[in-house]
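Engineer: As given, the protein sequences belong to chains A and B, one line each in that order.
Oh and the first sequence: position 55 is 55 in the working numbering, straight run, nothing missing.
Oh and the second sequence: position 66 is 487 in the working numbering, straight run, nothing missing.
Calculated from the structure, these hints are not laboratory results.
Bear in mind that the values here come from a model prediction, so they are computed numbers and not experimental data.
We put the CB at the ideal spot given by N, CA and C, even for glycine.
One or more hints might be untrue.
Stated by the list, open to error - To list a few chain B residues with every Cβ distance to chain A over 10 angstroms, as calculated: (1) Gly441; (2) Thr474; (3) Pro499; (4) Lys525; (5) His551; (6) Met614; (7) Glu659.
As the list claims (entries may be wrong) - Estimated spans, in silico, between C-beta atoms of each pair: (8) Trp701/B / Glu225/A: 39 to 49 angstroms; (9) Val466/B / Asp180/A: 41 to 51 angstroms; (10) Met323/A / Val466/B: 26 to 36 angstroms; (11) Lys600/B / Leu365/A: 49 to 59 angstroms; (12) Met614/B / Ile169/A: 24 to 34 angstroms; (13) Pro579/B / Asn289/A: 32 to 42 angstroms; (14) Gly465/B / Leu365/A: 51 to 61 angstroms; (15) Thr8/A / Leu428/B: 44 to 54 angstroms; (16) Thr8/A / Leu697/B: 52 to 62 angstroms; (17) Leu365/A / Phe545/B: 22 to 32 angstroms; (18) Lys600/B / Met323/A: 39 to 49 angstroms.
As the list claims (entries may be wrong) - Here are the computed lysine-lysine pairs in the DSS-like style, where the Cα-Cα straight-line distance is at most 30 angstroms: (19) Lys704/B / Lys245/A; (20) Lys704/B / Lys292/A; (21) Lys633/B / Lys586/B; (22) Lys35/A / Lys702/B; (23) Lys35/A / Lys426/B; (24) Lys677/B / Lys66/A; (25) Lys469/B / Lys66/A; (26) Lys631/B / Lys292/A; (27) Lys22/A / Lys704/B; (28) Lys645/B / Lys292/A; (29) Lys245/A / Lys702/B; (30) Lys292/A / Lys426/B; (31) Lys600/B / Lys66/A; (32) Lys120/A / Lys677/B; (33) Lys234/A / Lys704/B; (34) Lys292/A / Lys540/B; (35) Lys469/B / Lys240/A.
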Amino acid sequence: MAEIRKATGFIDWLDQRLAVNKFIKVMMTEYWIPKNINFLWAMGVVLMVLFMILIVSGIFLLMYYKPDINLAFDSVNYTIMQEVEYGWLWRHIHGVSASVIFLVIYIHMFTGIYYGSYKKGREIIWLTGMALFGMFSAEAFSGYMLPWGQMSYWAAQVITNLFGGIPFIGEALVVWIRGDFLVADATLTRFFMLHVLLLPLVILLLIAVHFYSLRVPHVNNQESEEFDFEDEAKKYLEGKKVESKVVPFWPVFLSKDFFVVGVALTIFFYLVCFHYDFAMDPINFEPANNMKTPAHIYPEWYFLWSYEVLRGFFFDIAGVAAMDIGLAAFGFANVIFMLLPFLDRNTDHVAPAHKRPLFFVWFWLLLIDMIVLTVYGKLPPTGNNAWVGFGATITFLVLFILLPIITKMEANCKCNTGGCK
Amino acid sequence: MRELKILAIVIFFTAVVYWGVEPFAHSQMHPHVAPADFAFKDLGVNDKKGDATKGAETFLNAGCIGCHGVSSQGMEAPMDHASASASFGVVPPDLSTAGAIYDKNFLAALIKDPTKALKVEHKFNESRPHPMIAFFGLGGDLDQEVADIVAYLQSIAPVTPIDDKQVYADACQRCHDIKYDKVMSTTDKTALMAYMGTLPPDLSMMIRSKGKDYLTTFINNPQKQLAGTSMPRVGLTEKAQNQVIAYMEKVGDRKKAEREDLGYKLIGYMVLFTLLAYAWKVKIWREVH
Chain A
1 MAEIRKATGF IDWLDQRLAV NKFIKVMMTE YWIPKNINFL WAMGVVLMVL
51 FMILIVSGIF LLMYYKPDIN LAFDSVNYTI MQEVEYGWLW RHIHGVSASV
101 IFLVIYIHMF TGIYYGSYKK GREIIWLTGM ALFGMFSAEA FSGYMLPWGQ
151 MSYWAAQVIT NLFGGIPFIG EALVVWIRGD FLVADATLTR FFMLHVLLLP
201 LVILLLIAVH FYSLRVPHVN NQESEEFDFE DEAKKYLEGK KVESKVVPFW
251 PVFLSKDFFV VGVALTIFFY LVCFHYDFAM DPINFEPANN MKTPAHIYPE
301 WYFLWSYEVL RGFFFDIAGV AAMDIGLAAF GFANVIFMLL PFLDRNTDHV
351 APAHKRPLFF VWFWLLLIDM IVLTVYGKLP PTGNNAWVGF GATITFLVLF
401 ILLPIITKME ANCKCNTGGC K
Chain B
422 MRELKILAIV IFFTAVVYWG VEPFAHSQMH PHVAPADFAF KDLGVNDKKG
472 DATKGAETFL NAGCIGCHGV SSQGMEAPMD HASASASFGV VPPDLSTAGA
522 IYDKNFLAAL IKDPTKALKV EHKFNESRPH PMIAFFGLGG DLDQEVADIV
572 AYLQSIAPVT PIDDKQVYAD ACQRCHDIKY DKVMSTTDKT ALMAYMGTLP
622 PDLSMMIRSK GKDYLTTFIN NPQKQLAGTS MPRVGLTEKA QNQVIAYMEK
672 VGDRKKAERE DLGYKLIGYM VLFTLLAYAW KVKIWREVH
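Taking the hints into account, I'd like the entire structure generated from these sequences.
Structural biologist: Quick look at the structure:
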């Protein structure tokens with residue numbers, strides 16, 4: 001045990017027992033961040049803030065919510081929204097941040113793709129990030145069910161049914177997931193458990209791993225420039241702050257983050273108080289009714305692109321049922337982003353997309369294609385809409401098949417200052 | 422300014438997604454319908470000038486009070502709610518305020534041909550007659566007699582404004598619950614279910630599930646938005662219909678005023694926070710640039 005002397009103050013007392021000064025250095029004041037970054041790098045902190053907001057508002061909702069199909073709808077729409085003081089505020093905050101967090105996740109993801117932050121030493125950051133995306137998706141879906149509105153019920157019906165497409169065990173799996181032959185009280189109760197306990201725990205754990213995985217390879221920067229963090233840190237500590245390429249996480253990097261978070265929360269509270277409806281589907285304000293199918297069933301906006309991939313194949317091909325091809329494509333779409341570090345065959349070279357001509361085109365095509373999928377995922381899948389959806393689905397699949405090819409071409413090119421020019 | 426350029430790109434793509442998922446998709450899923458018609462043009466116009474005094478007599482002679490109460494005139498409904506539900510399927514409305522909340526043309530057309538005015542011809546026919554019997558006249562000029570009855574109903578209607586909840590009670594409560602305001606339908610549920618074919622929905626949250634625009638055209642003419650629905654056309658005047666919608670909003674969105682008031686404060690606080698954060702950021706980064 002270290003020698004414990006009489007403390008000079010409270011911090012010193014703590015320092016002798018918990019090494020708080022060292023902890024603060026490692027976590028904050030001597031955790032080095034490249035100086036050459038833009039506001040897109042603040043999205044991680046914005047996500048963290050939004051996640052905290054979700055947890056806090058969720059705890060308040062939890063005090064009045066009833067996970068029972070006979071009570072759930074009214075406990076949300078009457079008890080929380082009308083009877084509890086500021087219950088509406090917590091509910092709107094929870095609903096709006098659940099939607100906004102996905103927008104920020106997508107911005108965060110596309111930033112990572114654009115600047116090549118997923119490869120060469122940063123694979124684990126990308127993998128844990130994608131795992132987080134998957135967990136957030138499950139979290140969002142399980143939460144969407146809880147008010148037990150029409151869309152909660154029918155979305156649960158459609159999504160749990162998907163597992164029926166898995167060969168051999170499909171049907172039994174659906175019953176196992178639902179806890180009943182139909183989406184019913186057992187389903188609601190278990191989704192409630194997943195939403196408030198298991199998934200948040202997994203997410204917290206993954207966030208810790210995601211942060212930790214940043215420590216060794218360090219954060220990427222705008223030019224994907226590689227430099228020696230220790231040397232640069234030394235310069236900074238010697239007082240050559242302007243010359244050094246790094247800044248400490250606290251207070252320099254966070255001072256910028258605070259500003260970005262401030263802007264984000266200003267918009268956020270505007271949405272919460274004046275434009276919450278975009279995050280709450282009107283059909284979900286009708287109580288669940290298993291006898292009445294809504295005219296259109298669609299997920300929340302952030303799942304629309306993969307939903308459209310699922311239903312993009314609307315006709316049988318070579319004797320294979322459209323439904324099965326759709327399921328396979330859906331499975332592909334949901335794992336393919338995870339594999340990005342391994343699909344990019346230009347493994348040694350990290351550069352932002354504007355320095356990689358072919359990849360640059362690929363990036364923007366992907367982004368536009370995902371927006372087309374998103375919009376058509378909501379439209380009724382009839383007539384021309386079905387064909388546009390089909391085309392966008394094929395484009396999505398082809399883009400990912402092409403990625404290893406174009407990045408290999410890039411890697412083979414001699415001029416390795418950023419791919420072929 | 423590279424960061425501004427990046428910000429513009431982020432905003433642009435976010436806006437495109439928003440536009441596609443919200444207004445655009447909505448316009449595709451809910452095709453535009455003609456605006457509400459508060460003149461009820463399809464029913465034609467009864468241009469006879471009614472006489473309220475004669476109307477009072479016609480009203481009694483035509484047997485209207487065999488089913489309807491006019492409580493403001495001391496004429497109570499002949500049956501209690503339970504027996505009325507059992508006999509007619511739905512409790513017949515008390516007509517005390519009818520002259521004020523329903524359109525004059527609509528009332529005239531309703532008295533002459535209920536199924537046509539209510540737009541429930543798809544449900545009622547000779548083998549299944551509508552519980553309200555069409556008025557065939559007392560031997561005089563039918564249109565004149567109808568105009569007189571309408572004039573009578575208008576003459577007894579309250580002159581002081583009727584409050585929103587009362588309009589709702591007179592126009593909708595026979596079938597619909599608003600349980601979040603502890604207002605339940607007057608008709609017995611079992612009878613109502615048999616009469617309508619389905620239980621009319623609780624309207625507590627309808628303002629949020631359907632929205633003002635939809636309700637405006639729907640209440641005015643349900644068939645236009647939902648072909649084949651059992652909901653009859655109600656025939657409310659524009660003012661009375663707006664009152665019904667206002668009441669639904671009051672129940673379904675009770676915290677609106679509080680929300681908007683707090684909204685300005687929260688946004689104001691965040692703007693202040695952002696400005697301070699920016700000033701701090703500039704101060705800190707001055708050393709490292």
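Engineer: If a hint holds in the structure, say so; if it does not, say that too.
Structural biologist: Outcome of the hint check:
no., hint, result
1, Gly441, "violated, 3 angstroms"
2, Thr474, "holds, 48 angstroms"
3, Pro499, "holds, 36 angstroms"
4, Lys525, "holds, 34 angstroms"
5, His551, "holds, 26 angstroms"
6, Met614, "holds, 13 angstroms"
7, Glu659, "holds, 24 angstroms"
8, Trp701/B / Glu225/A: 39 to 49 angstroms, "violated, 27 angstroms"
9, Val466/B / Asp180/A: 41 to 51 angstroms, "violated, 58 angstroms"
10, Met323/A / Val466/B: 26 to 36 angstroms, "violated, 56 angstroms"
11, Lys600/B / Leu365/A: 49 to 59 angstroms, "holds, 52 angstroms"
12, Met614/B / Ile169/A: 24 to 34 angstroms, "violated, 42 angstroms"
13, Pro579/B / Asn289/A: 32 to 42 angstroms, "holds, 38 angstroms"
14, Gly465/B / Leu365/A: 51 to 61 angstroms, "holds, 60 angstroms"
15, Thr8/A / Leu428/B: 44 to 54 angstroms, "holds, 47 angstroms"
16, Thr8/A / Leu697/B: 52 to 62 angstroms, "violated, 33 angstroms"
17, Leu365/A / Phe545/B: 22 to 32 angstroms, "violated, 59 angstroms"
18, Lys600/B / Met323/A: 39 to 49 angstroms, "holds, 40 angstroms"
19, Lys704/B / Lys245/A, "holds, 18 angstroms"
20, Lys704/B / Lys292/A, "violated, 60 angstroms"
21, Lys633/B / Lys586/B, "holds, 17 angstroms"
22, Lys35/A / Lys702/B, "holds, 13 angstroms"
23, Lys35/A / Lys426/B, "holds, 19 angstroms"
24, Lys677/B / Lys66/A, "holds, 24 angstroms"
25, Lys469/B / Lys66/A, "violated, 59 angstroms"
26, Lys631/B / Lys292/A, "holds, 16 angstroms"
27, Lys22/A / Lys704/B, "holds, 26 angstroms"
28, Lys645/B / Lys292/A, "holds, 20 angstroms"
29, Lys245/A / Lys702/B, "holds, 18 angstroms"
30, Lys292/A / Lys426/B, "violated, 48 angstroms"
31, Lys600/B / Lys66/A, "holds, 18 angstroms"
32, Lys120/A / Lys677/B, "violated, 52 angstroms"
33, Lys234/A / Lys704/B, "holds, 22 angstroms"
34, Lys292/A / Lys540/B, "holds, 23 angstroms"
35, Lys469/B / Lys240/A, "violated, 96 angstroms"
Violated hints, in rising order: 1, 8, 9, 10, 12, 16, 17, 20, 25, 30, 32 and 35; the structure is consistent with all others.
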